[in-house]
Amino acid sequence: MIGHSHDLPPRGNYFAMSAYVQQDLGAGKLANRAGAPMVALTDECLIALVNTLRQEFAEDAPAVLKSLGTSWGRQAGEQLIQETSSYYGRPFMDLPLAMVASLLTEAFRHHGWGAFKFDFSHYAQGVLVVEVHEPFEGSIVSRECGALDELLSAFLAGMMSRLAGRELGCLQTDARGMGADASRFVITLPERLEGWQPGQAHTTVLAELCHRSLPS
Amino acid sequence: MGTLLQRLSIEADGRYFTPEERHRILSEAESLPRRLAAAENLERIEEAALRSVIEEMQGRYPNFARYHDQAWARQFRDMQLVLRAAASAMILDDPAEMDDRLLYWLRTMFAANNYTPDFVRDCFSRLRDVVRERLESPSADRLTPYLDRAVRVLADFPEPATAAV
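Each protein sequence line maps, in turn, to chains A and B.
8 is the number that the working numbering gives to position 8 of the first sequence; each next residue is one higher, with no gaps.
Take any residue in the second sequence, count from 1 to its spot, add 1000: that is its number in the working numbering.
Hints listed in this document are in silico derivations from the structure and should not be mistaken for laboratory results.
Don't take every hint at face value.
[Unchecked claim] Just the calculated beta-carbon pair ranges, DEER-fashion:
(1) 1051(B) to 191(A): 49 to 57 Å
(2) 1118(B) to 79(A): 36 to 44 Å
(3) 212(A) to 1141(B): 33 to 41 Å
(4) 58(A) to 1063(B): 55 to 63 Å
(5) 1163(B) to 164(A): 32 to 40 Å
(6) 41(A) to 1047(B): 46 to 54 Å
(7) 1162(B) to 196(A): 39 to 47 Å
(8) 1047(B) to 44(A): 49 to 57 Å
(9) 1066(B) to 17(A): 33 to 41 Å
These figures come from a predicted structure and were not determined experimentally.
Every residue, glycine too, gets a C-beta built ideally from N, C-alpha and C.
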């Protein structure tokens, strides 16, 4: 049986560039296809932001960056849920996992954040792996801001927490700024990441997390 | 990326179109009715072509439906999207338009679903061939490069660790 495809909306990539960004040049405004305002910022802004936070907050800077990234990620997650649910005509949580992976990949790619790969193959063990080629921090501002993609790590934690509907943490295990071929992140429950430090071997962290049983 | 008119307009910034550019635009305009007709012909045979390919693939991949919810209905939908994107890109005379509008997005889903490149290549090359068989040659000839591109782009991903086809 072929079955029916009536409940499968014939919709393509929501983030396709020709449809996603709308310009109102008369008013000097950018918006996405859902009407959400957009502002194009250069990487100099990011460098200045991160450097200023580091200078002003010194040893507290990592916590401030984490808070900033998490809050930003949560809002981006909320926007993703609302816009894609409306476009595809069904609740975000009902979308197939493969489609979620594809939407996330396209969302980051079309906002200039890098080439992302979301690996849900450890989903049963409660672990999501994200691999990023050309991450915006590690590739562009690493020299000024340090080797890790701290803002991105916090952003992913915030976004995935919103999408999953529960608090999640994110640990960076590989960094382009430290010479790895890609930046890699492991996302899971925050308590499962306790004791791990950023930059520990990706395969070791992943194997250990997948080996340990999920807390009830 | 971008239609011929868009590209020529950008190139002609601050000047009039050259005679050669005007000739290219006229040629493009003259072929538009034939491109629209090809899309209309494709729309007419879409349902039958898709059902034919799905039935053939069901015989070739009997385990596919065991791995995925609504497996063949989804495959039907995905192939339908590709045909429609190919028709749109053909009308615009812009093959790369398919990549961003559909193909990259679809390919990421195929990889995440643990499809194999061979499975995807089989499905979409068979789709191209069935469309060729069912359309008269002018329409088929216009669409084939776009369906060739779909096969090439969609099957270009690494083998999964555990195949689910």
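Checklist entry - Failing hints, ascending? => result 3, 5, 7
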